[in-house]
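If you want the building blocks of each chain, they are given just below.
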Amino acid sequence: MKLVMDNLGFLFTGAYYTLLITIVSMFFGLFIGLFTAIARLKGNRLVAGIARVYVSIIRGTPIIVQIFIIYYGLPDYGIALQPMTAAYISLSINIGAYLSETFRGAILSVDKGQTEAALSLGLTPWQTMRKVVLPQAARTAIPPMGNTFIGILKETSLVSIVTVTELLRSAQLLIAQYYVAMPFYLAIAIMYWVMSTGFSAILNVIERKLSKAY
Amino acid sequence: MIEVSHLSKSFGSLSVLKDVSLDIRQGEIVVLLGPSGSGKSTLLRCLNGLEQADAGSVRIDSVRIEAMMRAKERKKAVHELRSLTGMVFQSFNLFPHLTVLDNVIMAPMTVKNMPKEQAVEIAERLLGKVGLAEKRDEYPSRLSGGQQQRVAIARALAMEPKIMLFDEPTSALDPELTGEVLQVMRQLAEEGMTMVVVTHEMKFAQEVANRIVFMSEGIIQEEGAPEHFFAGPKTERARKFLRQMAQEPV
Ligand SMILES: Nc1ncnc2c1ncn2[C@@H]1O[C@H](COP(=O)(O)OP(=O)(O)O)[C@@H](O)[C@H]1O
Ligand SMILES: [Mg+2]
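Chains as they are written, first to last, in full-length UniProt numbering: chain B, 1 to 214; chain H, 1 to 250.
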């Protein structure tokens with residue numbers, strides 16, 4: 001216990017990186033996901049096809065393999081990335097694929113009458129998407145997005161393998177130094193749990209705010 | 001003002017409009033009658049480009065849209081058509097994430113880049129006109145169906161259309177709520193708005209329409225002044241339709 005307390009600062013730094021990776025990847029994943037969803041729904045055949053293949057590949061391969069391809073595979077082609085950069089890129093691409101499915105479903109769940117009403121008022125298809133469809137889709141998408149977010153918070157532990165000193169690797173480094181495992185693993189388990197439940201709570205608040213119109 | 005000529009439209013193998021032609025003058029109130037599935041909605045939706053015809057053309061004022069148009073020209077024409085027309089739907093289709101006021105000001109601000117104060121001024125006047133000024137800050141889900149439909153009318157009017165298209169505006173309403181919507185429509189008619197109305201409200205059709213257009217199976221079977229149409233329909237189909245309407249008022 002004392003060991004944990006003494007090294008709390010180091011663990012918090014790890015937790016900070018875990019959060020940072022989660023938030024940054026989520027942020028870019030959001031844009032990739034939205035773009036991919038719209039490409040699949042509104043794009044021409046080629047664009048929609050590319051988007052579909054991307055989603056299929058990401059969903060059909062383990063995230064650890066995706067991380068390895070970005071970090072260990074790309075250097076073969078002269079693209080050597082920093083561990084953090086590799087983490088951001090691989091996780092963003094991964095999140096983007098999963099979120100695109102969420103967004104696609106959410107966009108499709110908005111009643112066709114909404115689009116027709118907006119178009120009949122003279123909005124362009126793009127304005128209709130932005131002002132009418134997406135705000136309503138967002139409400140549907142928030143709960144599954146929250147799940148993705150919390151999922152990724154935990155998946156970030158995988159990037160410890162490419163030497164990103166996030167929370168898990170912080171613990172492993174301490175364990176290697178002190179030759180005791182349990183206190184550190186328990187400590188980070190608690191920290192993961194606190195972060196996950198914290199985000200769940202925040203998401204609940206957002207969800208309630210968004211549904212006040214209904 | 002509206003000139004529909006030789007319009008045809010199929011959904012797959014189902015032919016829904018068959019060589020439909022129709023002229024409507026400015027200020028005219030045309031009521032489209034006909035059994036369900038006869039193509040009334042499709043015709044109405046061709047007038048604002050929500051449906052694309054396979055053949056024929058629609059002209060409103062100087063905007064003309066033809067079946068055989070290049071995509072880019074068509075897009076431009078459709079956009080212009082929509083600035084001339086307002087549409088009211090059976091299912092209201094208010095935007096549930098926006099307040100009543102925001103429902104009404106959104107299109108003028110988005111499409112015409114109207115400053116907010118001006119849009120609000122117009123919206124308040126229109127909401128007053130449909131009798132819902134005090135509901136401006138409510139969300140649509142808090143309103144009755146009749147109130148929602150009146151907001152939808154105000155929303156369409158805020159774009160200052162020259163023509164209003166109504167597709168069964170009272171069919172989704174409880175009988176006791178249809179009156180308030182029909183009242184707003186009567187008022188619009190009195191103010192000289194050009195209106196094309198699909199409805200099963202026979203009393204409204206009789207009292208407000210200048211002309212009845214009776215459709216069945218994608219064809220305009222007959223048309224005429226309401227006093228003539230209701231007193232002596234020329235076709236057997238129209239007689240049958242009127243008998244059914246008298247039996248089971250929708
Ligand atoms: N988007 C569509 N796809 C396929 N069939 C359609 C579509 N819209 C309408 N129809 C069909 O076209 C016919 C005419 O429909 P509609 O114009 O809505 O008739 P009405 O408004 O007179 O009841 C109906 O048989 C309907 O099922
Ligand atoms: Mg219809």
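FYI, nobody ran anything at the bench for these hints, they're computed from the structure. Each residue gets a CB set at the ideal place from its N, CA and C atoms; glycine is no exception. Do not rely on the hints blindly, as some may be mistaken.
As the list claims (entries may be wrong) - Footprint (simulated), chain B over chain H, 3 or more residues, beta carbon under 8 angstroms:
# : region
1 : 19-32
2 : 78-84
3 : 92-98
4 : 198-212
Against the structure, the hints:
Residue count for the region 19-32 of chain H with a Cβ under 8 angstroms from a Cβ of chain B: 0. That is fewer than the three needed, and the coverage hint is violated. Restraint check on the region 78-84 of chain H versus chain B: 3 residues with Cβ-Cβ distances below 8 angstroms, three needed, restraint holds. For the region 92-98 of chain H, the assignment as covered by chain B holds, since 6 residues bring a beta-carbon within under 8 angstroms of that chain's beta-carbons and 3 suffice. Beta-carbon proximity to chain B at under 8 angstroms applies to 0 residues in the region 198-212 of chain H; the threshold of 3 is not reached and the given coverage is violated.
Hint compliance for this structure: hints 1, 4 are not met, and every other hint is.
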